[in-house]
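Visitor: So you can see what is in the structure, the chains are spelled out below.
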Amino acid sequence: MKNLIVLSLIALVSASSCKFSEAPSAGLAKEMCSCLFVAEQTEQYCRQVTRESGILANWEANYAKQQVVARGMNYVSVASMDEDSRFGCSIKTVNLDSDSQDKSNDWGNR
Amino acid sequence: MRSRLKLISIVAGLSLVLGLHRISNAEAAGEPDYWPTQDWRTKSLESAGFSKTRFQKLLDYVWEDEGNHKSDAFVVIKDGYVVYEGYDRGYNPSKKHMFWSLSKSLTSTLIGAAVHQGILSLDMKAKDFYPEMNREKAKDVTLRHILNMSSGFKFYEENPINIALSDSIFVYYAKDAYQDVALKVAKTKLKHSPDEQFNYGTHEPMLAMGILKKAIGNIKTYENFPFEALLTPLNMKSIVLERDKSKTFLGGSGGWGVAKDFAKLGFLMLQNGSWEGKRILPKNWVKFATQTVAPAQLRRDNQRGQQRLNIESYGAYWWLNKKLKMNKERPYPSAPEDLFQAMGFRGQTMGVIPSLGLIVVRMGSDGRKPKKKMKRDKLYRLLLASLRGDQE
Numbered sequence: 134m135k136n137l138i139v140l141s142l143i144a145l146v147s148a149s150s151c152k153f154s155e156a157p158s159a160g161l162a163k164e165m166c167s168c169l170f171v172a173e174q175t176e177q178y179c180r181q182v183t184r185e186s187g188i189l190a191n192w193e194a195n196y197a198k199q200q201v202v203a204r205g206m207n208y209v210s211v212a213s214m215d216e217d218s219r220f221g222c223s224i225k226t227v228n229l230d231s232d233s234q235d236k237s238n239d240w241g242n243r
Numbered sequence: 170m171r172s173r174l175k176l177i178s179i180v181a182g183l184s185l186v187l188g189l190h191r192i193s194n195a196e197a198a199g200e201p202d203y204w205p206t207q208d209w210r211t212k213s214l215e216s217a218g219f220s221k222t223r224f225q226k227l228l229d230y231v232w233e234d235e236g237n238h239k240s241d242a243f244v245v246i247k248d249g250y251v252v253y254e255g256y257d258r259g260y261n262p263s264k265k266h267m268f269w270s271l272s273k274s275l276t277s278t279l280i281g282a283a284v285h286q287g288i289l290s291l292d293m294k295a296k297d298f299y300p301e302m303n304r305e306k307a308k309d310v311t312l313r314h315i316l317n318m319s320s321g322f323k324f325y326e327e328n329p330i331n332i333a334l335s336d337s338i339f340v341y342y343a344k345d346a347y348q349d350v351a352l353k354v355a356k357t358k359l360k361h362s363p364d365e366q367f368n369y370g371t372h373e374p375m376l377a378m379g380i381l382k383k384a385i386g387n388i389k390t391y392e393n394f395p396f397e398a399l400l401t402p403l404n405m406k407s408i409v410l411e412r413d414k415s416k417t418f419l420g421g422s423g424g425w426g427v428a429k430d431f432a433k434l435g436f437l438m439l440q441n442g443s444w445e446g447k448r449i450l451p452k453n454w455v456k457f458a459t460q461t462v463a464p465a466q467l468r469r470d471n472q473r474g475q476q477r478l479n480i481e482s483y484g485a486y487w488w489l490n491k492k493l494k495m496n497k498e499r500p501y502p503s504a505p506e507d508l509f510q511a512m513g514f515r516g517q518t519m520g521v522i523p524s525l526g527l528i529v530v531r532m533g534s535d536g537r538k539p540k541k542k543m544k545r546d547k548l549y550r551l552l553l554a555s556l557r558g559d560q561e
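Order-wise, the sequence lines are chains W and E. 243 is the number that our numbering gives the last residue of the first sequence; the numbers go up by one with no jumps. 561 is the number that our numbering gives the last residue of the second sequence; the numbers go up by one with no jumps.
Only chain W is shown next, with the shape it has when bound in the complex (with noise of 0.2 Å):
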């Protein structure tokens, strides 16, 4: 028991001071930008890919702009559709989330 709760802290402490903790969003947003807006799928169809993934980040699509922005691990990335659509969706940013640290990673409840 006790070496499970130390494994356990170990893989939290692991886990948040990755220093690729931007990929769960980064690869959210240009993924799903390319499901909405490449694939034409509908967003009931991503949203099924995103679970059966079991990504740890949540994203919402903006139609108008043809854009996908998502969160998780306390980074904000955003992808969108190029101009000339033979080049699809690419990863436009990828920043620290303040506004998901101050909400103490709730996004599993979102």
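One should not assume that every hint holds.
Think about it this way: if two alpha-carbon atoms lie no more than 35 Å apart in a straight line, the pair counts; the simulated DSBU-like pairs of lysine-lysine are [as the list claims (entries may be wrong)]: (1) 360/E - 225/W; (2) 414/E - 323/E; (3) 547/E - 264/E; (4) 538/E - 225/W; (5) 406/E - 198/W; (6) 542/E - 225/W; (7) 344/E - 225/W; (8) 198/W - 264/E; (9) 344/E - 198/W.
Away from chain W, derived, C-beta distances all over 12 Å, residues of chain E [as the list claims (entries may be wrong)]: (10) 205; (11) 237; (12) 288; (13) 292; (14) 301; (15) 446; (16) 499; (17) 500; (18) 523; (19) 536; (20) 547.
It should be emphasised that the hints constitute simulated quantities derived from the structure, not laboratory data. Built from N, CA and C at the ideal position, the CB exists for glycine as well.
Once you have looked at the hints, place chain E on chain W.
Guide: Showing chain E alone in chain W's frame:
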């Protein structure tokens, strides 16, 4: 003496003419019935030599119920004619599907087109485009090594413990990567000397596309290159090629399109790199990319300690069906040795069998567990059984 010389020159001249005629006939014999540039023509299964009842067994497998693998699109082409196409799970002939690593084979072909146009050569050094690689081991990496997945980078395509920690994810999405993925690769440490160890990964085609960008030197020309050199001549109009923030094509993934458009890439390979009389790839490119095992896979040191991904034989961003020394049989024993494939995550597959004039494209959304994946060898076994018309 003069008349003898005259006779010799007449005979020589005739031989030359006849010889040239023979060559031109040989080339003509390789021409397809038609070019599927506008669209593929269709044929019935029976007229193309398939047993309809046997073929149904293949379809039963491809479209089996949810809970196992998940097929989205399935197309079979024989001698240039579509003999079957089917779609499911919301897909249709015009709905774009993610290629995943099928994109690598597209990248290979684009690099081939650049070599044909004199923009690149296989023995160019990566350091001449990325000075970051002017260091120990990395300075010797050539485009050939990059195409053979043998540069030696320390890169783990799939983390064996947790896929979410794979380098293939960070190389796209990490903060220091997404802005310029090829530069991120160029800065990566090398674990081996070039050509010493085969290591399949999405990083190598990323670097290949970065080198192409630098070799072209003009961003507008670069972004139009895939379309002008390949996609427009073949009329692969559904294809989308995604890029990073610096506008470098992702190369290892990021391709989208419909199954019948991707099949045109297979048809180009069957025509040895020519399309409607115009050469798109160098004459020896198809052999190099689809029938020649990466030299690093043939090394003695490679026969032990192979990673799972390294077991299958590999050419230049195409998977081959050659038996490696370390294996008891070919990767796909049910298929002929000349089979070559584009393959991607979640069961994306395009298999090309030149000896049978066959192209098969299967796009899917398979899960990660073995029982959730379509078995490619089983697909080939059922397909070829239906073509042979085995006992019903």
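Visitor: Is it the case that residue 205/E keeps its Cβ farther than 12 Å from each residue Cβ in chain W?
Guide: Since the minimum Cβ distance to chain W is about 21 Å, residue 205/E lies beyond 12 Å and the statement holds.
Visitor: Holds or violated: residue 344/E with residue 225/W, Cα cutoff 35 Å?
Guide: 11 Å, holds
Visitor: Against chain W, does residue 446/E hold up as non-interface, every C-beta pair farther apart than 12 Å?
Guide: 26 Å, holds
Visitor: Are residue 538/E and residue 225/W close enough, with their CA atoms no more than 35 Å apart?
Guide: 33 Å, holds
Visitor: For a C-alpha distance cap of 35 Å, please report whether residue 547/E and residue 264/E respect it.
Guide: The given pair, whose Cα atoms are some 27 Å apart, holds under the 35 Å limit.
Visitor: Beyond 12 Å from every chain W Cβ: check whether that's true for residue 500/E.
Guide: The claim stands: residue 500/E keeps its Cβ more than 12 Å from every Cβ of chain W (closest is about 28 Å).
Visitor: Please verify that the nearest CB of chain W lies beyond 12 Å from residue 301/E's CB.
Guide: Label holds. Min Cβ-Cβ 20 Å, cutoff 12 Å.
Visitor: Under the criterion that the straight-line Cα-Cα distance not exceed 35 Å, is the pair residue 344/E, residue 198/W satisfied?
Guide: Given that 35 Å is the threshold and the Cα spacing comes to 23 Å, the pair holds.
Visitor: Need the status of pair residue 360/E, residue 225/W: alpha-carbon distance at most 35 Å?
Guide: 32 Å, holds
Visitor: If you draw a straight line from the CA of residue 406/E to the CA of residue 198/W, is it 35 Å or shorter?
Guide: Distance of about 24 Å is within 35 Å: holds.
Visitor: Find the nearest Cβ of chain W to the Cβ of residue 499/E and say whether that gap is larger than 12 Å.
Guide: Its Cβ never comes within 12 Å of chain W, the nearest being 33 Å, so this holds.
Visitor: Checking a non-interface call: every C-beta of chain W should be farther than 12 Å from the C-beta of residue 536/E. Is that right?
Guide: 8 Å, violated
In this structure, the one hint that does not hold is number 19.
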